[in-house]
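S.K.: Sequence:
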Amino acid sequence: CPRGLCHVFFFFFLLILRVREIASHPTSMPAFKHALFIGASILFCFLSLGEPTRAEDTPQVVLKSLNLAAAAAASTYWTATRLRDAKPFPAPSRRANAAGQSTGTTNPGSATTGDQGGISGAPPTSTAPAENIALFTPKSFPASSTNANTTNNTNTYPFLYFSSSQLLPVESDVIYPFRAVGALFFTATNATGIPAGNYRCSASVVGRRVIMTAGHCVHSGLSNPSSNGQKEFFSNHLFVPALRGGTAPYGVWAARSVVVTGTWAFGQQVLPNGGDFALIALSDINGTSISARVGRLGLAFNALAPNHVTQLGYPCNINSCSRMHRVDSGAFVFGGNNCFEYGSDMSGGSSGGPWVQNFGALGAGQPLPSFKGRTLRNAVVAVTSYGPDDTITRYLGASNLIKSEVDQLFTLVCTGIANCRQ
Numbered sequence: 025c026p027r028g029l030c031h032v033f034f035f036f037f038l039l040i041l042r043v044r045e046i047a048s049h050p051t052s053m054p055a056f057k058h059a060l061f062i063g064a065s066i067l068f069c070f071l072s073l074g075e076p077t078r079a080e081d082t083p084q085v086v087l088k089s090l091n092l093a094a095a096a097a098a099s100t101y102w103t104a105t106r107l108r109d110a111k112p113f114p115a116p117s118r119r120a121n122a123a124g125q126s127t128g129t130t131n132p133g134s135a136t137t138g139d140q141g142g143i144s145g146a147p148p149t150s151t152a153p154a155e156n157i158a159l160f161t162p163k164s165f166p167a168s169s170t171n172a173n174t175t176n177n178t179n180t181y182p183f184l185y186f187s188s189s190q191l192l193p194v195e196s197d198v199i200y201p202f203r204a205v206g207a208l209f210f211t212a213t214n215a216t217g218i219p220a221g222n223y224r225c226s227a228s229v230v231g232r233r234v235i236m237t238a239g240h241c242v243h244s245g246l247s248n249p250s251s252n253g254q255k256e257f258f259s260n261h262l263f264v265p266a267l268r269g270g271t272a273p274y275g276v277w278a279a280r281s282v283v284v285t286g287t288w289a290f291g292q293q294v295l296p297n298g299g300d301f302a303l304i305a306l307s308d309i310n311g312t313s314i315s316a317r318v319g320r321l322g323l324a325f326n327a328l329a330p331n332h333v334t335q336l337g338y339p340c341n342i343n344s345c346s347r348m349h350r351v352d353s354g355a356f357v358f359g360g361n362n363c364f365e366y367g368s369d370m371s372g373g374s375s376g377g378p379w380v381q382n383f384g385a386l387g388a389g390q391p392l393p394s395f396k397g398r399t400l401r402n403a404v405v406a407v408t409s410y411g412p413d414d415t416i417t418r419y420l421g422a423s424n425l426i427k428s429e430v431d432q433l434f435t436l437v438c439t440g441i442a443n444c445r446q
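So the working numbering is basically just the index in the sequence shown, starting at one, shifted up by 24.
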């Protein structure tokens, strides 16, 4: 049990024993000593109950180490039927009246400030043609019944303007930088606190052998702070870059290790959450790394706002998760807990998809962005974390990426894996 509560139970037990002793031998101790002992015990109980959990008691990051055998098992687990029937993992909703809920303001408030640098994306080095492996026949999901209004029905939320489109042409998904984004499949058991089943999110390549996704796509976020957070991890993670329908142009890639922030793992799913992101190291295929095959996006730290982003993912409310979708948005509000909210019409299935600054390729003579700290190209500034708690509002929220936190995740997820990050 938590340290303070254990102290309360222990001393309350001693206090009961002492009171019984006093009742049995009322003349064995002066009255003022009785009162002093009882008063001190009660005071200690209250102080212990109020003792906070120290920051060092909750791990900053939680690692689930796998191995090559587990990766191979994950690959064989995913049959055509399981892939087809994987449900969109819903983008969690911002809880009404939760601490840190959206302020609906462009004022960043307590957000971390100051550019922290980063690295631009890089195209693939492999020239091997697409394989176009047929994995499954997609199924249809019910069409969204909501309209495309960008504000809620009480008109108390700011307008968050955006543009939204499927990729045109559809075949753009095999061109870098689109091809560095894909669908992420995984399994939840009842032990995680999530209904058992197979699910899907989105993810993107951000290292030589590493992808980034949402924390809630690898871990339920329901771990007890006194635990090691392991049993709430999901399993069988499988990444399919540039998935189109049920076809994998660049193969399927199994997880080798998974790491998530302690902020998410022990956060009890309260949103906005400043650490709802995770990294997954992938096994190579025939000696080729994931980034060599599809390229990688860069990372821009503490660059979520102000900015303009391209959101990518596989939302199941659009094209039944069968195609990559694109949303471009520049309007934002501060969501609380170092999170920001941008306009978007994507929903379940898009969780973990990248928010990319300066997306695409420069044209001849095109000037570089002039805003300080926003010159990195094809750089991920966040991943989709949560959505609205109503059926009309159109936005998505995301955690600002802090360099020290991401560096720590990389260090752990890449332990024992050569040339893992760069």
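I should point out that these hints are in silico values taken from the structure, not numbers from a laboratory.
Only a predicted model underlies this, so the values are computations on that prediction, with no experimental measurement involved.
Treat the hints with care, since some could be wrong.
Here are the in silico distance ranges between beta carbons for each label pair [unchecked claim]:
1) Gln292 x Ala388: 46 to 54 Å
2) Gln190 x Asn248: 23 to 31 Å
3) Ser189 x Val294: 16 to 24 Å
4) Pro391 x Thr213: 48 to 56 Å
Ideal Cβ positions, reconstructed from N, Cα and C, are used throughout, including at glycine.
S.K.: Under the constraints set out in the numbered hints, which ones does this structure not fulfil?
M.R.: 2, 3
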